[in-house]
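Protein chains in written order, with UniProt numbering: chain A, 1 to 500; chain B, 1 to 500.
There may be inaccurate statements among the hints.
Same chains, same label: a pair holds when it works inside one copy or across any pair of copies.
To be verified - With a straight-line cut-off of 27 Å between C-alpha atoms, the simulated DSSO-like cross-links for lysine-lysine are: (1) 299 to 121; (2) 492 to 403; (3) 463 to 121; (4) 267 to 121; (5) 482 to 407; (6) 260 to 482; (7) 260 to 121; (8) 267 to 463; (9) 492 to 463; (10) 267 to 299.
Source of the hints: derived by calculation from the structure; they are not laboratory data. All of these numbers come straight from a predicted model, not from anything done at the bench.
2 protein chains.
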Amino acid sequence: MKQLVLSEWLLTQLSQNKFPKRMPTHRRIYEAIRQAISDGVLASGTRLPSTRSLSDELSVSRNTILAAFEQLLDEGYVAAQTGSGTYVAYNQPDGFSKKPISTATIEPKPQDDAGLSRRGKAAAGSLNRQSHEVQPFTPGEDDYSQFPTMLWRRLLNRQWRAPDPSLLDYGHAGGYLPLRMAIAEYLRVSRAVNLTVDQVLITAGTQQSIDLCARLLTDHGDRAWIENPGYWAARRVLEVNGLQLHPVSVDNEGMAPSTKDFRATPKLIYTTPSHQYPKGMVMSYGRRRLLLDYAESRKAWIIEDDYDSEFRFEGRPISSLQGMDQNARVLYMGTFSKVMYPGIRLGYLVVPPNLVTSFKSGLYELQRPGQVVIQAALADFIEEGHFANHIRRLRQTYAERRKLLQKSLATVAEVGARLSPVDSGLHLVVEFDQEVDDVRVATMAAEHGLRVNPLSNYGIGEKREKGLIVGYAYAATENISKYGNVLANVIKAGLKNRTP
Amino acid sequence: MKQLVLSEWLLTQLSQNKFPKRMPTHRRIYEAIRQAISDGVLASGTRLPSTRSLSDELSVSRNTILAAFEQLLDEGYVAAQTGSGTYVAYNQPDGFSKKPISTATIEPKPQDDAGLSRRGKAAAGSLNRQSHEVQPFTPGEDDYSQFPTMLWRRLLNRQWRAPDPSLLDYGHAGGYLPLRMAIAEYLRVSRAVNLTVDQVLITAGTQQSIDLCARLLTDHGDRAWIENPGYWAARRVLEVNGLQLHPVSVDNEGMAPSTKDFRATPKLIYTTPSHQYPKGMVMSYGRRRLLLDYAESRKAWIIEDDYDSEFRFEGRPISSLQGMDQNARVLYMGTFSKVMYPGIRLGYLVVPPNLVTSFKSGLYELQRPGQVVIQAALADFIEEGHFANHIRRLRQTYAERRKLLQKSLATVAEVGARLSPVDSGLHLVVEFDQEVDDVRVATMAAEHGLRVNPLSNYGIGEKREKGLIVGYAYAATENISKYGNVLANVIKAGLKNRTP
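Whole structure, please, built from the sequences with the hints as guidance.
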């Protein structure tokens with residue numbers, strides 16, 4: 001195919017509008033080129049047009065073309081020859097198929113693990129790689145198409161107009177003070193967190209917050225309690241810090257340590273008491289007291305990860321576990337990724353008073369925080385009321401999507417699946433019986449273009465809970481019912497034909 | 001002192017212009033209030049005016065007032081009562097004195113180390129806390145007052161005007177492609193790094209780059225070679241990852257492993273071959289070959305930290321160690337902190353081809369990179385030629401400052417100190433004899449308002465090299481000679497009265 005023809009062909013593909021409505025342009029271009037390669041229309045070795053010329057010919061921003069090329073490059077469909085352009089690769093990726101969307105399983109690439117250490121393999125090796133494709137129902141993604149970029153640009157401009165030199169420096173004192181004050185106020189009022197402003201540290205997000213706690217409060221080989229099922233990203237960070245992970249089951253009251261668990265004294269307890277991740281239960285008052293008393297008796301630290309707390313839809317706001325703690329054993333963390341946009345890389349960690357100086361020092365020594373300009377813009381965003389407005393709008397949108405999804409999935413009860421009634425933030429949980437192969441059901445869903453996560457992926461050990469985690473934040477409201485029905489049919493088909 | 005009087009008093013202090021010319025306004029306000037507390041003019045318990053009213057009355061941005069308050073708060077001179085303002089603290093910080101600038105020594109605060117783990121104490125404990133005051137001659141600071149903020153604002157605006165959704169997401173593929181391409185081109189041309197664009201990862205800076213290498217390539221307890229004296233921040237990161245640090249001496253050819261060192265096989269070698277940090281020597285060709293051959297024979301990894309490579313002033317650009325390596329054992333890293341501004345938090349890591357997939361995965365899993373909008377603006381900054389211009393201007397400025405400083409320090413030879421002729425980037429090295437107490441000389445300099453680092457701080461073990469590291473990037477050109485003369489006198493006084 002000559003270069004001229006490729007852009008014409010792409011224009012045709014794009015105008016035929018065969019793609020899901022909310023699929024970004026760069027994804028459509030990626031899919032179209034991928035398909036062209038798959039169909040043999042673009043032969044191996046063919047040189048692709050320059051991104052500038054494609055951008056002109058398609059009347060699409062160069063960024064958009066570049067994003068499409070980036071994904072093709074990254075996945076091995078094309079290769080870049082330095083100085084002479086981009087070519088269709090001779091060695092197409094393993095397992096290449098005509099499926100328009102990658103399945104949920106990952107192809108192992110052993111040669112890339114050569115040289116990794118044990119902890120490196122556990123953290124990043126091929127068996128641990130997650131597909132990052134964002135499609136309807138991908139958990140962990142929020143709808144940042146709703147983010148008010150014009151307003152945000154204005155607030156950033158305000159800072160860059162006459163930047164105080166300290167805005168360009170590393171963050172030295174735990175973060176930009178007005179932002180820490182705004183967070184302290186918000187947490188005090190809405191989450192009953194007990195704090196003064198100097199206890200607030202601004203971090204680069206949840207990974208970094210957990211990492212800092214692990215490094216400053218534990219030593220290699222120490223034990224950490226984690227919820228099972230639980231947040232795998234937290235597991236990854238705790239593991240790479242050399243901690244022994246001790247999984248604790250959950251029940252309808254949240255993290256549920258048994259007598260056996262109590263004998264396995266941890267240095268650190270990682271928990272999500274406001275709504276258990278991923279199952280959504282709120283930790284009961286009794287369970288909270290139990291955990292706090294136990295932590296005090298063993299001088300263990302509790303990390304309270306209060307993710308998505310802004311998006312609870314029913315009932316009163318849940319008070320934090322930290323607010324109930326009289327013994328300064330709880331470190332409380334949150335993030336702005338889901339309310340603002342993921343790339344903002346801003347979160348916060350509230351530490352007990354006696355740890356403030358060490359944590360500020362550790363934050364600087366180990367992580368060199370910065371981006372104070374963005375912190376300043378965010379402080380204004382909160383103080384001027386935009387944050388509250390934005391959350392309110394998001395909550396309305398998400399509540400609507402959640403209702404529609406619940407409705408369209410209701411029929412899965414026919415095959416013995418259970419749609420959990422628990423409000424879990426930005427996803428629903430469909431529970432299966434123990435013998436169901438939830439990975440297989442998820443794969444079937446992926447073949448229909450829907451990316452859901454098997455609940456068993458969130459668990460550790462032999463007997464894992466089975467089900468699907470279905471994110472609804474990312475899918476457009478007008479499509480939810482349609483996709484929901486497709487998913488319901490997949491689940492019903494999958495559970496009818498279950499292999500014992 | 002009533003609130004009204006404080007602002008009037010501050011106005012008087014500020015207009016009398018008793019402060020160093022380039023001291024930022026927020027620092028002057030901080031110093032003035034600090035002085036008022038010290039002189040008893042502001043009594044304990046006095047409520048300070050609101051930041052808004054001070055901002056109005058002093059005609060100074062609220063950010064500026066907030067920055068001053070932040071430092072007072074952080075250092076304990078004032079305390080914030082939530083909901084009712086900021087007060088002069090009753091318990092003034094320990095060791096409070098009338099000295100206008102903190103000394104180089106740190107007051108230990110044991111209660112804040114309670115609860116820290118062993119590795120936590122090593123990373124962040126009171127004995128390891130560094131003062132972050134930036135004054136003339138502080139090493140590690142660059143002059144970001146020269147940073148073209150108007151231009152940068154324009155480039156950021158361009159991205160925010162019509163942001164591609166992928167700009168708001170996490171960075172998934174190792175970083176924004178156009179930025180990686182620009183870096184690849186720059187490194188290929190100016191540093192003879194051998195790479196294709198997919199080997200480039202964008203990280204949040206040097207700390208994060210080293211951290212990623214340590215986590216993916218080593219296990220707890222593995223041995224790492226470090227230069228002695230060397231970069232303490234790298235040491236800190238390697239240590240917290242559980243590595244056994246093996247210090248290797250340096251000589252005029254750079255890192256100088258002995259027979260004894262060769263028997264202590266490392267998993268990782270951290271080195272600064274372009275100019276040794278902090279002493280500045282260029283690693284000779286023969287030493288490079290030796291290191292590369294050794295690493296290959298032991299299957300060790302070499303981390304080449306090419307800091308400040310843009311600021312070499314004499315001779316031809318130095319080729320990278322990585323470019324000489326035939327065995328894919330070198331990971332090459334650099335940073336934008338010193339050329340752009342420290343808070344930008346962007347650096348890069350070039351990994352061997354067989355590690356690309358693992359490192360991209362590890363980068364996402366462990367660090368969740370983002371800030372793609374800033375990466376995009378930086379890509380334009382480089383592609384449009386502003387980066388090269390900015391470096392050129394900075395080099396001219398720094399070269400001038402370096403010359404002036406060398407001239408004013410020349411007389412230290414009278415007392416046996418040696419001004420190293422080696423071009424070390426953004427600092428000069430003044431070498432002392434072994435028996436000199438360089439910490440004492442640095443403290444004397446601090447009492448004169450000049451913050452330099454003792455060379456012994458950069459070393460490990462019993463017999464450390466002695467001297468001073470004098471940064472010249474931050475001090476204004478018109479002040480260098482004056483400050484340099486003061487420092488020369490301090491050095492001469494310090495070495496004349498040396499205690500054995």
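Outcome of the hint check:
no.: 1; hint: 299 to 121; verdict: between (32 Å within a copy, 17 Å between copies)
no.: 2; hint: 492 to 403; verdict: within (20 Å within a copy, 78 Å between copies)
no.: 3; hint: 463 to 121; verdict: within (24 Å within a copy, 39 Å between copies)
no.: 4; hint: 267 to 121; verdict: both (25 Å within a copy, 16 Å between copies)
no.: 5; hint: 482 to 407; verdict: within (11 Å within a copy, 77 Å between copies)
no.: 6; hint: 260 to 482; verdict: neither (46 Å within a copy, 70 Å between copies)
no.: 7; hint: 260 to 121; verdict: neither (30 Å within a copy, 31 Å between copies)
no.: 8; hint: 267 to 463; verdict: within (26 Å within a copy, 38 Å between copies)
no.: 9; hint: 492 to 463; verdict: within (23 Å within a copy, 74 Å between copies)
no.: 10; hint: 267 to 299; verdict: within (8 Å within a copy, 36 Å between copies)
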